[in-house]
Amino acid sequence: MMPMPVLEEKRRAALARALGQTLQKRAQAVAEMPEWEAMRQRAHDIRAGAMDRLFEHLDAFERAAAANGIRVHHAATAEDACQCVIQIARRLGVTRAVKSKSMVTEEIHLNHAMEAAGIRPIETDLGEFIAQLKGDPPFHLTAPVVHLTRDEVGKVLAVKLGVPFTNDPAKLTMIAREVLRREFLDARLGISGANFLVAETGSIVLVTNEGNGRMVTTLPNPQGPRVNVAITGIEKVVPTLRDAAHLLRMLARSSAGARLTAYTTFIQGPRARSSGEEPSGPDEVHVVLVDNGRRGMLRDARLREALFCIRCGACSNICPVYHRAGGHAYQSVYNGPIGAVWSAALWDTEQAAALPFASSLCGACADVCPVKIDIHHAMLWQRNLATLRGRVPAWQRWAWRLWRMGMERAALYRAGSRLARVLLPQVVLNRLARPWTSKRDLPPLAAKTFHELWKEEA
Amino acid sequence: MTGLRNRAMMATSSSAALGVWMMAAALTGAGRSTTLNAVRIGLFIPCLVDQFMPRAGLGVARLLKKLGHTVEYPAEQTCCGQPAFNSGIHSEAVVLAKRFVRVFDGFEAVVSPSGSCVAMVRNFYGDLLGARPALADRVFEFSEFLVEKLHLTDVGARFDGRVTYHDSCHLLRELRVESQPRQLLRAVKGLELVELNDGPTCCGFGGTFSIKFPDVSAAMAEDKVAAIERTGAQWVVAGDAGCLMQIGGMLSRRGSPVKTMHLAELLGGNA
Ligand code: SF4
Chain V
203 MMPMPVLEEK RRAALARALG QTLQKRAQAV AEMPEWEAMR QRAHDIRAGA MDRLFEHLDA
263 FERAAAANGI RVHHAATAED ACQCVIQIAR RLGVTRAVKS KSMVTEEIHL NHAMEAAGIR
323 PIETDLGEFI AQLKGDPPFH LTAPVVHLTR DEVGKVLAVK LGVPFTNDPA KLTMIAREVL
383 RREFLDARLG ISGANFLVAE TGSIVLVTNE GNGRMVTTLP NPQGPRVNVA ITGIEKVVPT
443 LRDAAHLLRM LARSSAGARL TAYTTFIQGP RARSSGEEPS GPDEVHVVLV DNGRRGMLRD
503 ARLREALFCI RCGACSNICP VYHRAGGHAY QSVYNGPIGA VWSAALWDTE QAAALPFASS
563 LCGACADVCP VKIDIHHAML WQRNLATLRG RVPAWQRWAW RLWRMGMERA ALYRAGSRLA
623 RVLLPQVVLN RLARPWTSKR DLPPLAAKTF HELWKEEA
Chain D
1222 MTGLRNRAMM ATSSSAALGV WMMAAALTGA GRSTTLNAVR IGLFIPCLVD QFMPRAGLGV
1282 ARLLKKLGHT VEYPAEQTCC GQPAFNSGIH SEAVVLAKRF VRVFDGFEAV VSPSGSCVAM
1342 VRNFYGDLLG ARPALADRVF EFSEFLVEKL HLTDVGARFD GRVTYHDSCH LLRELRVESQ
1402 PRQLLRAVKG LELVELNDGP TCCGFGGTFS IKFPDVSAAM AEDKVAAIER TGAQWVVAGD
1462 AGCLMQIGGM LSRRGSPVKT MHLAELLGGN A
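Residue numbers (the working numbering), protein chains in the order written: chain V, 203 to 660; chain D, 1222 to 1492.
Pulled out of the complex, with its shape left as it was, chain V reads as follows:
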């Protein structure tokens, strides 16, 4: 079993404060909507409907998008997706690209692939920008550096950019803005994710809090052709604009406690010359639809719900395990409760398979999820999958078998509990239960079991 250490006390407290504030805002935003439960159900139904006929919706999206002049690419694997982007960059002849925040690009390790191909990706979301400078994977689905203090951010910027140290958030933002503004004005390749794809209109929907998504997808550089690539998972499609609108409300309230995210962009296609106005926007718009294991999730009735996720991060914000261990302890780009489910579903590694066990199954995640994913029950199922796939060591399976054989025979169970009381004094029990007793005391066995007391009462 993977070790999962607890964050040091100060960081843990700071993280709890930050996540707590976000949750508080969410709670207020939810309290504003007396029909919240019905809204969740509707969001769930929209996502369920989208997944039930996923490939029909994808086809519809592709047709509508193509009619708008958007080019759609299919990537079966992470590798395919990275190559697709690299080829676009090569054809364009650029050595740099600006990026807005996208978990799918983290999933496929696009930045590494681009760097290896000699193309420098520049993260423009403030959090991602800092994470990239620091060389850290994201700590949280929506807030990549939520664990860093102002001082730490100041140090990263001072060291990596050679600017004077400051820990003033406004000044830090201005420093980043200055760097990023130059990049925006220069860039000819903009890479984004997509929060939703709308099948009926072929639109790409993108939300950001800082407006960088809009910068990345409009690209004002007049020198030469400009290209926009949206990389996203196949599960992001929704049937209609109405559906997207509902999910946007759920996303904003759940992730940040806002009524709507500050910047919501609907990308309809490349610049159009027909309107008579000054044409604007990029010359080409591409969408890369990434599978990378999602079809497998779709086929498993008990994992399919995980595909409903709209990446709001609320489940991490409330998760007691995430609060103590932090995002990096999951050792996966997807962390927190839904991250554990996704990681174990996408990657067949020992470490990923261990993640669904790193939960007390308290179910707080499922209760805040805006699309009503039974997150903890998916984990329960994945624990069984781990057994079926031989990820549970043989000695453990044998131990369970012996345990079951004992429990099948009441007489054996009773004899065992009598014997334990005679042969196992508390000191021995304490030693046997060391992982438990290292941190807390083990309550003593009752002198008599219920079974014995019951017989006495009768």
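One should not assume that every hint holds.
Claimed, not checked - Below 25 Å or equal to it, Euclidean Cα-Cα: the simulated DSS-like pairs (lysine-lysine) are: (1) V/Lys227 x V/Lys212; (2) D/Lys1410 x D/Lys1480; (3) D/Lys1287 x D/Lys1410; (4) V/Lys657 x D/Lys1287; (5) V/Lys650 x D/Lys1287; (6) D/Lys1370 x D/Lys1410; (7) D/Lys1480 x V/Lys641; (8) D/Lys1286 x V/Lys657; (9) D/Lys1433 x V/Lys641; (10) D/Lys1370 x D/Lys1287; (11) D/Lys1286 x V/Lys650; (12) V/Lys650 x D/Lys1480.
As the list claims (entries may be wrong) - Far from chain D, by Cβ distances over 10 Å, these chain V residues were calculated: (13) Pro236; (14) Arg265; (15) Ala280; (16) Arg292; (17) Arg298; (18) His311; (19) Glu317; (20) Lys362; (21) Asn369; (22) Arg390; (23) Gln425; (24) Leu450; (25) Ala596; (26) Trp597; (27) Leu625.
If you are wondering where the hints come from, they were derived from the structure by calculation, not from laboratory data.
Note that the structure is predicted; figures quoted are calculated from it, not measured.
Quick reminder that beta carbons are idealized off the backbone N, C-alpha and C, glycines included.
Given the coordinates of chain V, work out where chain D with the ligand should sit on it, guided by the hints.
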């Protein structure tokens, strides 16, 4: 023991099954308005209660008897299979689940001082066994049974002290039992109930989670204990033995004067 098995088998024979089914319908469906008199109740005492807090089991038994019900404790019972199920070992859990259904199928109602084990039967047996057994609708957690089925909040108990109630996750989120324990506690003479106001957040027990991830689990217990201490309560009460072992173990490690008690022991221990 043989007698019991025979009785259980007879109960599943067609005519008896009809009676059981009708009783179940009364208990679960329109049962809300039905006053239940003299129900034959099977006591389901989970392993942790049997081993560590048997007085909680006695509390349930005494109280239900005092209310005029027939209470039986099938001595063949052992474990519902939850530990194996939660560890992903369905092949072993399924054997114990089938066994559990065999042992308890003859009862009109099965009552247990554990949210966790009732949730196992009610919410997960269907998935585990491939079809949800009818018994799943006749298994109740103790406080839920008193309030929802017997329409009782004042059980006539007395307890002097300041008490806080910890919501076990399985009671709260699997069974949606939240107000019932509080109603019962509020009616206890001499008892002052103070709210924990910490979420409600998990105590970090989580069965084998507490052993596989001891650091995270203990960190959760520490925060829970801190929240308990902030209330100024002398006692912390819960409806699941696992939580009480986790919380009690941390209280004792920290030398805290706060004590733990199972809800069923508090309500019925001296009945
Ligand atoms: S699983 Fe639900 S709560 Fe968690 S990020 Fe996805 S949508 Fe949000």
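Status of each hint after checking the structure:
1. V/Lys227 x V/Lys212: Holds. V/Lys227 to V/Lys212 sits at ~23 Å (cutoff 25 Å).
2. D/Lys1410 x D/Lys1480: holds (19 Å)
3. D/Lys1287 x D/Lys1410: holds (18 Å)
4. V/Lys657 x D/Lys1287: holds (18 Å)
5. V/Lys650 x D/Lys1287: holds (23 Å)
6. D/Lys1370 x D/Lys1410: holds (22 Å)
7. D/Lys1480 x V/Lys641: holds (18 Å)
8. D/Lys1286 x V/Lys657: At roughly 15 Å apart (the allowed maximum being 25 Å), V/Lys657 and D/Lys1286 satisfy the hint.
9. D/Lys1433 x V/Lys641: holds (13 Å)
10. D/Lys1370 x D/Lys1287: Given that 25 Å is the threshold and the Cα spacing comes to 16 Å, the pair holds.
11. D/Lys1286 x V/Lys650: holds (21 Å)
12. V/Lys650 x D/Lys1480: With a Cα-Cα distance of about 20 Å, the restraint between V/Lys650 and D/Lys1480 holds, given a limit of 25 Å.
13. Pro236: holds (19 Å)
14. Arg265: V/Arg265 is indeed farther than 10 Å from all Cβ atoms of chain D, at 39 Å.
15. Ala280: Answer for V/Ala280: holds, closest chain D Cβ roughly 27 Å.
16. Arg292: holds (46 Å)
17. Arg298: Since the minimum Cβ distance to chain D is about 41 Å, V/Arg298 lies beyond 10 Å and the statement holds.
18. His311: The claim holds: V/His311 sits with its nearest Cβ about 27 Å from chain D, beyond 10 Å.
19. Glu317: The assertion about V/Glu317 holds, with a minimum of 34 Å to chain D.
20. Lys362: holds (32 Å)
21. Asn369: Since the minimum Cβ distance to chain D is about 28 Å, V/Asn369 lies beyond 10 Å and the statement holds.
22. Arg390: The assertion about V/Arg390 holds, with a minimum of 46 Å to chain D.
23. Gln425: Consistent with the label, V/Gln425 stays out of reach of chain D, its closest Cβ about 53 Å off (over 10 Å).
24. Leu450: holds (28 Å)
25. Ala596: holds (12 Å)
26. Trp597: Non-interface label on V/Trp597 holds, nearest chain D Cβ at 13 Å vs cutoff 10 Å.
27. Leu625: holds (15 Å)
In this structure, none of the earlier numbered hints is contradicted; all agree with it.
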